[in-house]
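Participant: Sequences and hints are given; from them, build the entire structure.
Chains A and B are the protein sequences, given in the same order. Position 239 of the first sequence, counting from 1, maps to 238 under numbering that gives the first Met the number 0, and the rest follow consecutively. Position 32 of the second sequence, counting from 1, maps to 31 under numbering that gives the first Met the number 0, and the rest follow consecutively.
If you are wondering where the hints come from, they were derived from the structure by calculation, not from laboratory data. A few of these clues could be false.
[What the hints assert, rightly or not] With the Cβ distance kept under 10 Å, some of the chain A side facing chain B (calculated, not the full set):
{"id": "1", "residue": "Val39"}
{"id": "2", "residue": "Gly152"}
{"id": "3", "residue": "Asn170"}
{"id": "4", "residue": "Ile182"}
{"id": "5", "residue": "Leu188"}
{"id": "6", "residue": "Arg239"}
{"id": "7", "residue": "Ala240"}
{"id": "8", "residue": "Leu275"}
{"id": "9", "residue": "Val333"}
[Claimed, not checked] Below, simulated DMTMM-like cross-link-like pairs (lysine to aspartate or glutamate); rule was C-alpha separation at most 25 Å, straight line:
{"id": "10", "chain 1": "A", "residue 1": "Lys190", "chain 2": "B", "residue 2": "Glu70"}
{"id": "11", "chain 1": "A", "residue 1": "Lys190", "chain 2": "B", "residue 2": "Glu181"}
{"id": "12", "chain 1": "A", "residue 1": "Lys190", "chain 2": "B", "residue 2": "Asp186"}
{"id": "13", "chain 1": "A", "residue 1": "Lys47", "chain 2": "B", "residue 2": "Glu181"}
{"id": "14", "chain 1": "A", "residue 1": "Lys47", "chain 2": "A", "residue 2": "Glu72"}
Treat the numbers as computed from the prediction; the structure is a model and nothing was measured. Using N, Cα and C, we set each Cβ at its ideal position, and we do this for glycine too.
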Amino acid sequence: MLVDSPREKHTDAAPLRRGRRALRGVGLLAAVGVLALVAVVSLAVGAKPLSVEQVWHGLFQNSGSYGDVVVGERLWRTLLGLLAGAALGLSGAVLQALTRNPLADPGLLGINTGAAAAVVTGLTFFGADSLTGYVWFAFAGAAAVGVLVYVLGGSRGATPVRLALAGTAVNAALYGYLQAVMITDDAALGKMRFWTVGSLASANSTTIGQVLPFLAVGTVLALGLARPLNAVAMGDDTARALGAHLTRTRALSMLAATLLCGAATAACGPIAFVGLTVPHAVRSFTGPDLRWILPYATALAPVVLLGSDVIGRMVARPAELQVGVVTAVIGGPVFIYLVRWRRMAQP
Amino acid sequence: MRASRSRWVRSGRLSVRFDVRALGVVLLLALAALAASVLLVGTGDFAIPVPDVLRTLAGGGDAGQEFVVRELRLPRVLVGLLVGGALGLGGALFQAVSRNPLGSPDVLGLGQGSTAGALVVIVLFSGSAAEVALGALAGGLLTGLVIYLLAWKRGVHGYRLVLVGIGVAAVATAVNGYLLTEADLVDAARAVVWMTGSLGGSDWDQVWPLLGLCAVLVPLALAHARPLRMLEMGDDIASALGVRVERTRLLLMLAAVLLTAAATAAAGPVGFVALTAPQLARRLTRSPGPNLLPALVMGAALLVTADWLSQRAFGADQLPVGVVTGVLGGVYLLWLLVAERRAGRI
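Facilitator: Given below as structure tokens:
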């Protein structure tokens with residue numbers, strides 16, 4: 000096998016590789032198509048169902064009719080679903096590559112709890128009580144915990160295990176604080192219990208405007224990290240031998256993941272499982288190459304998030320189930336399926 | 000396991016082997032638990048000095064102290080000791096069966112399952128404390144069953160158990176969050192206190208069932224310490240050494256689920272005791288194996304001390320004990336992180 004002539008190998012492998020790449024490219028296009036479809040469904044479905052023509056009318060010939068107003072209301076929600084979903088999928092994929100742990104997600108690194116602790120602090124001690132007020136607290140909390148976990152995890156010498164352990168520890172301490180504040184302050188509890196389930200219902204242009212810059216920077220950063228993270232996946236020694244900057248890659252990955260996940264959590268509250276399951280599902284058909292995983296996760300995670308939101312609006316009409324509840328109730332069984340039947344259960 | 004630390008006691012044909020250091024640790028921890036219990040009995044809105052507590056416990060206090068100690072404080076302390084012990088032992092069993100230091104009931108979703116049961120009773124039926132406890136018990140047992148069945152695939156593999164548990168925990172967390180949003184604010188406040196884990200309002204009615212259950216399950220678990228130690232070497236070696244692997248595992252998991260569910264029903268899902276007690280005990284005894292008895296005593300000492308701390312630091316019954324165990328758990332994990340790093344293990 001080792002003495003195969005390079006030329007022969009080249010002629011064999013190249014068309015195959017090209018074919019696979021074309022297939023993946025077409026698949027990515029298809030994923031974007033599905034995303035567009037789900038977005039239209041998200042505009043049409045709700046307490047007042049609309050036809051596709053009505054949605055079209057509301058989007059492009061808005062004349063202020065009842066249907067158009069409904070489309071306008073749903074537009075922000077759908078947009079936030081698209082942005083937050085993409086951010087969660089992308090940050091999940093980056094964190095899984097960074098920690099070399101297929102189970103890493105923003106929750107594991109304490110980012111969700113950090114955001115929640117900051118929001119409850121804002122509610123109780125600084126009188127922030129509107130969604131636009133929460134956003135900065137949530138984002139600051141997520142970012143602070145991201146940095147803290149990175150430093151506690153050993154900054155330059157951070158290993159996957161250390162990061163996970165640091166995340167769990169910070170999570171634990173902040174959770175105690177969160178419970179303590181909610182017990183002593185009924186008003187905070189009244190608001191927090193709605194924030195912590197994660198919902199797209201209160202989306203508006205202000206919130207999206209607040210988080211959009213962070214999402215944009217985070218997305219560019221994360222997509223640009225595909226190549227160095229591919230090297231990191233081979234283990235520290237190999238990565239170093241391949242010329243990757245381990246410290247820089249880790250720091251930038253942590254930054255990208257924190258920006259993305261912090262902004263998404265700030266805008267809609269903690270949402271479980273999207274960041275965990277989507278990169279997994281994607282990996283099963285793209286293979287381990289992050290240059291494909293990252294774009295696919297970016298396109299498919301919003302499909303899951305928006306799809307869950309649509310389901311949440313349909314099952315309890317005219318009321319609705321929060322999207323965070325739906326993603327966990329759907330994502331949990333999918334996760335268990337992956338554990339049982341996809342041979343993920345190997346350490 | 001150095002041979003020099005073990006001692007034997009022989010009497011005729013019977014012999015018992017014990018680890019001197021582990022025995023010392025158990026005795027010291029038991030003393031610490033008792034000391035914290037005495038302090039806890041004396042702490043509260045009606046403070047009682049330690050000598051008076053001791054006198055009253057021995058039956059010689061005045062009527063007021065007698066009432067406070069016998070009817071109010073003693074049941075609380077006993078529930079604390081029993082819950083802590085049950086959580087410590089349950090955690091040690093789970094960690095040994097799953098062969099994973101993170102395989103504690105909090106991570107595996109038993110706490111969240113119990114919470115779901117309790118929240119259903121609180122939110123949908125506005126049930127009494129006893130009904131909430133029953134709901135929690137049912138929720139915990141059902142979750143244990145679901146996790147076992149879902150993780151079963153020609154035997155229960157430790158890693159799969161943990162992962163399935165994480166999945167179940169997340170679903171239960173979402174259901175709990177949803178139930179909280181459906182509750183009115185009074186019920187929600189009650190639910191959050193319950194969810195944090197609290198010893199407030201414990202009475203003798205909670206002591207007896209817990210005590211009965213522990214009286215059956217603790218000896219059962221301790222009697223299986225030996226096969227459990229062999230299970231930690233891996234299924235193949237254990238069955239070669241004559242352990243009936245699946246049967247032992249099922250039995251011990253059942254015991255652990257019962258202990259945890261009963262403890263949670265009595266005090267709510269007090270966080271991190273089940274996770275940290277076995278680890279701390281193992282570090283103190285420096286002995287391999289499941290360290291069941293040290294973990295039990297450690298859990299009891301931890302919970303009573305945490306309750307005393309929360310009463311001292313925040314005033315009587317201001318904050319439930321779960322807040323303190325949560326923060327302590329975080330600090331412990333950070334310490335673990337630093338220590339393991341210094342030792343170059345991670």
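Participant: Evaluate each hint against the coordinates.
Facilitator: Hints, one by one, checked against the model:
1. Val39: Constraint on Val39 of chain A not satisfied, violated at 27 Å.
2. Gly152: holds (8 Å)
3. Asn170: holds (7 Å)
4. Ile182: This hint holds: Ile182 of chain A lies near chain B, its Cβ roughly 6 Å from the closest one there, short of 10 Å.
5. Leu188: holds (6 Å)
6. Arg239: violated (19 Å)
7. Ala240: Cβ of Ala240 of chain A sits 23 Å from chain B, so the hint is violated.
8. Leu275: holds (9 Å)
9. Val333: holds (9 Å)
10. A:Lys190 x B:Glu70: violated (38 Å)
11. A:Lys190 x B:Glu181: At roughly 13 Å apart (the allowed maximum being 25 Å), Glu181 of chain B and Lys190 of chain A satisfy the hint.
12. A:Lys190 x B:Asp186: Holds: Lys190 of chain A and Asp186 of chain B sit about 14 Å apart, inside 25 Å.
13. A:Lys47 x B:Glu181: Cα-Cα ~23 Å, so holds.
14. A:Lys47 x A:Glu72: holds (12 Å)
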